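Trainee: Top line first, the protein sequences correspond to chains A and B. Residue numbering for the first sequence follows the numbering used here, beginning at 505 and increasing consecutively. Residue numbering for the second sequence follows the numbering used here, beginning at 505 and increasing consecutively.
Heads up, a few of these hints could be off.
Same chains, same label: a pair holds when it works inside one copy or across any pair of copies.
Mimicking DSSO-like on lysine-lysine, the simulated pairs with C-alpha atoms at most 30 angstroms apart in a straight line are [claimed, not checked]:
no., residue 1, residue 2
1, 513, 549
2, 593, 520
3, 527, 513
4, 671, 593
5, 695, 671
6, 666, 695
7, 633, 593
8, 513, 633
9, 593, 695
10, 666, 549
11, 527, 549
12, 593, 666
13, 633, 671
14, 527, 695
15, 549, 593
16, 633, 666
17, 527, 593
18, 549, 520
No lab work stands behind these hints: they were computed from the structure. All values reported here derive from a predicted model rather than from experimental measurement.
Number of protein chains: 2
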Amino acid sequence: MQYPEPIAKLIDSYMKLPGIGSKTATRLAFYTIDMRTDDVDAFAKSLVAAKHDLHYCSICGNITDDDPCEICRDSGRDQGTILVVEQPKDVMSIDRTGDYHGLYHVLHGVLSPIDGRGPDDLNIASLIKRLQANATVHEVIVATNATPEGEATAQYLSRLIKPAGIKVTRLAHGLAVGSDIEYADEMTLLKAVEGRTEL
Amino acid sequence: MQYPEPIAKLIDSYMKLPGIGSKTATRLAFYTIDMRTDDVDAFAKSLVAAKHDLHYCSICGNITDDDPCEICRDSGRDQGTILVVEQPKDVMSIDRTGDYHGLYHVLHGVLSPIDGRGPDDLNIASLIKRLQANATVHEVIVATNATPEGEATAQYLSRLIKPAGIKVTRLAHGLAVGSDIEYADEMTLLKAVEGRTEL
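Just chain A, same shape as in the assembly (with noise of 0.2 angstroms):
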């Protein structure tokens, strides 16, 4: 016996996604079948919507149902800096801070020679391009992960951007606040000790 076809092909459909293996589609797809149909109707749409609707803003690079973006229009930041990051999901958690009231510019991805993406495969070149357009901008911070390929990158802005009289910062490393010095991995805490700031 086999699962009803509209069943095994919404299995099939949420085994798409990052992380949802077979035992885990299968109790979505049990699950939906129970749900409102509203919210069923509105799921469909706004999945169609979310892939139809949105693109990258001709400026940042950040996703946007507008072009240029909300932020990019937004006249009443500073235009001075810009914030550099991976994913446009990054913009968001930065901007939830409410303490940077600049531009952003995603890169989407970082250097990685293992998987074969150079600078050519990033959204680099309009980065530079804006630079070029507009001398306000004064300050560059690179906010790319901290791993290897972040640090990789940040350091390949930086040689790239730095000869143009632009100052280019990056974020600070050390311990999350509110975490235990116990469980704080080496490389943290020697970073953490280097940036020690006076009191």
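Once you've looked at the hints, dock chain B against the given chain A.
Mentor: Okay, now just chain B, sitting in the frame of chain A:
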């Protein structure tokens, strides 16, 4: 800054699924945007199809896109045995063993006074009708879960069906195949000793 509306709606939809919080929902939503358009469209279609094309079999209560379901229509199956399960997905779990060739009946839940679920909320009346209409049934196997509610439901069904002269059996309790005695709980070990078989 807020997420663009299409992505905010998709995150909301993912969060309606069981076990998916806002972080996972956000990750899935961004993943969806990078999926192939074909796959997203197929996903949306399969959601709608699963909700609208599937219903419960009027005989056994299993999920089906036909009525009666594939199993109830199959005259090659042993018409003398009915195996009673809690949920439609349990039918597939049992059938996959390939060792049971009788019919099924899906209760859609178990008796649970705490949740206010009594016999009338389960698919029990139709089981009794089935047994009355079909004199060939000589055994009902109760395959509810090995939980207190599952046991209580099994006892209830047994008291209801036995007076009609039909044999009522329950799945065996014991050690899971491949498991260590060291990690088995006391109740399971007790049942395993009680139900020991001769070699």
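Trainee: Honestly, which of those hints from before does the structure not fit?
Mentor: 8 and 10
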